[in-house]
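**Student:** Sequence:
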Amino acid sequence: MDLAILVLNPLDNLARWELAQSLAISLNKDVDLVNLQRASTVLRHQIVGHGQRIYCADRFTAEEFES
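Residues in the sequence shown are numbered from 4 upward in steps of one, following the numbering used here.
What the hints contain is simulated information worked out from the structure, not anything from laboratory work.
Fair warning: there could be bad hints in the mix.
Claimed, not checked - Pairwise CB distance ranges, derived in the manner of DEER restraints:
1. A27 / S70: 26 to 36 Å
2. N31 / F63: 29 to 39 Å
3. D33 / F63: 12 to 22 Å
4. D61 / A18: 33 to 43 Å
5. E21 / L46: 34 to 44 Å
6. L46 / W20: 16 to 26 Å
7. S70 / I28: 31 to 41 Å
8. Y58 / E21: 14 to 24 Å
The C-beta atom is built at its ideal place from N, Cα and C for all residues, glycine as well.
Build the full structure now, drawing on both the sequences and the hints.
**Tutor:** And the structure:
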């Protein structure tokens with residue numbers, strides 16, 4: 004499962020990996036977790052344009068990032 008996250012306080016690689024592992028265990032699926040702040044412009048565009056938001060804690064920050 005491909006998941007992207009946008010967090011206010013950037014995650015280091017270890018924290019991102021730990022989160023991905025926790026999600027994989029909870030979902031019983033392999034998880035590829037992408038940090039949107041570190042993703043390439045092309046990948047960001049694909050995620051924003053074709054992805055589906057499943058949770059948003061801060062709509063303003065999400066909409067600002069998408070514009």
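**Student:** Compare the structure with each hint and give your call.
**Tutor:** Going down the list of hints, with the structure as the test:
1. A27 / S70: 26 to 36 Å: holds (32 Å)
2. N31 / F63: 29 to 39 Å: Since the Cβ atoms of N31 and F63 sit about 34 Å apart, the hinted range of 29 to 39 Å holds.
3. D33 / F63: 12 to 22 Å: violated (32 Å)
4. D61 / A18: 33 to 43 Å: With a Cβ separation near 19 Å, D61 and A18 fall outside 33 to 43 Å, so the hint is violated.
5. E21 / L46: 34 to 44 Å: violated (22 Å)
6. L46 / W20: 16 to 26 Å: holds (18 Å)
7. S70 / I28: 31 to 41 Å: holds (35 Å)
8. Y58 / E21: 14 to 24 Å: Distance hint for Y58, E21 holds at roughly 18 Å.
Checked against the numbered hints above, the structure breaks hints 3, 4 and 5 and satisfies the rest.
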